[in-house]
Amino acid sequence: MAEKYIARSTAIAARMLGGEMMVMSAADSTFFTLNEVATVIWQAADGRTPLSEIVAGKICHEFEVEAERAQHGAERFVDELSQHGILLVSDRPFDSPPFAETP
Amino acid sequence: MSVMTASVAADSVFIEIGEISLALHVQDSSFRRMVEDRYSGFVGSSRDSQCEFEIDLYDSSEPVLTDDDQLEVKLEAGEWLLKRGDFRGRWNPRTKRGHIRQSRNPYAIDSVLRIVHSLILAKQGGFLVHAASAIRRDKAFIFSGVSGAGKTTISRLAPPDVTLLTDEISYVRREGNRYFACGTPFAGELARVGANQSAPLGALFFLEKGLRNSIEPIGPTEAIQRLMRNILFFAHDPELVKLVFQSACEFASVVPMHRLIFVPDQRVWDIIR
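Chains as they are written, first to last, in my numbering: chain A, 1 to 103; chain B, 1 to 273.
The hints are simulated quantities; they were obtained by calculation from the structure and are not laboratory data.
There's no promise every hint is true.
To be verified - Per label pair, the in silico range of CB-to-CB distance:
id : chain 1 : residue 1 : chain 2 : residue 2 : range
1  : B       : E222      : A       : V89       : 26 to 32 Å
2  : A       : H72       : B       : E250      : 36 to 42 Å
3  : A       : M16       : B       : H236      : 22 to 28 Å
Claimed, not checked - In silico DSBU-like links for lysine-lysine, alpha-carbon gap of 35 Å or less:
id : chain 1 : residue 1 : chain 2 : residue 2
4  : B       : K123      : B       : K139
5  : A       : K58       : B       : K242
6  : B       : K83       : B       : K96
7  : B       : K123      : B       : K96
8  : B       : K83       : A       : K4
9  : B       : K242      : B       : K139
Just so it is clear, the structure is predicted and the values come from calculations on it, not from any experiment.
Here a beta-carbon is modelled for each residue, glycine too, at the ideal position from N, C-alpha and C.
Next comes chain A alone, as it looks inside the complex:
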């Protein structure tokens, strides 16, 4: 399976509040509240670290989730956010990722 690289779009507004990450698309105003796992993926989306490495290194390790299940959940999360332009996805590392700062 091809590797995925993910980067946070700059066309979003985000804020951490009460332990939850709120992300809003500036393009279509859709609003997401990310749970703990999704927040970790969001914060790790630097455009250079492969998604599989984020899942193995952070999700499985920190949340004690079985690898295949974690990868499947991460893929679904990435697909959903990328449809709203909140996460950018590529099959190769981004040259100069258009990071949104993590609040």
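Chain B: place on chain A using the hints.
Same frame as chain A, now just chain B:
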């Protein structure tokens, strides 16, 4: 500081909402009188106007601009362009000058005022929100909700010691770390212009009709999400969306927000304090 000159002041109406005065320069005296009547209580003086608009009216014999009711507001080369079936306009936030070409109907100028105020407020950390608001014992309260949530009902039930600011669109202004609700002339079903007063905000309530009167807690992220749904922002400009979102987050960190479950009788006001 006023941007008006004395020569045009005679042909102008000055509408002051939330301590922001807009000068509307229009030569047609009957339209001017209509505006003064419609915004009665919010007519200010030329000394304080912060923005100036030239208004051209198209004659009723002319075809309408378009039949399209869709509002379009976009930023182009530093100017906001405003467009709907019954008006076209532009406003330069740097020079604080603009031009509107519109029909004689009052809804066009009503929309222009709302749009311009929402853009000005966004830069200052404030916003317009679908909500009724009122002052009681020197504190302002906002009652937010979509159409049918009870904005008009709660306004109609207000006891005599309550000053109604609006039953439809509330005006939130930020001053330092404090938020104020200000009266607006934008009326809903009550068809009553609000009082031109302001007060520091005590709380914002999300209205829900129910079988009892109670104030219930709401989590911060849900509160912000609900607030964002009710804030008026006419332009889906990415920078504007970011500004409004940040404003909503900062508002939530200062102003208490709750759910207000209520039955439609006056006793609900017993718990608003």
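Now for the hints, and whether the structure bears them out:
1. B:E222 <-> A:V89: 26 to 32 Å: 29 Å, holds
2. A:H72 <-> B:E250: 36 to 42 Å: 37 Å, holds
3. A:M16 <-> B:H236: 22 to 28 Å: 24 Å, holds
4. B:K123 <-> B:K139: Status holds; Cα separation ~24 Å.
5. A:K58 <-> B:K242: 29 Å, holds
6. B:K83 <-> B:K96: 18 Å, holds
7. B:K123 <-> B:K96: OK: K123 of chain B and K96 of chain B at ~14 Å, within 35 Å.
8. B:K83 <-> A:K4: 42 Å, violated
9. B:K242 <-> B:K139: OK: K242 of chain B and K139 of chain B at ~29 Å, within 35 Å.
Violated hint: 8 only; the structure is consistent with all others.
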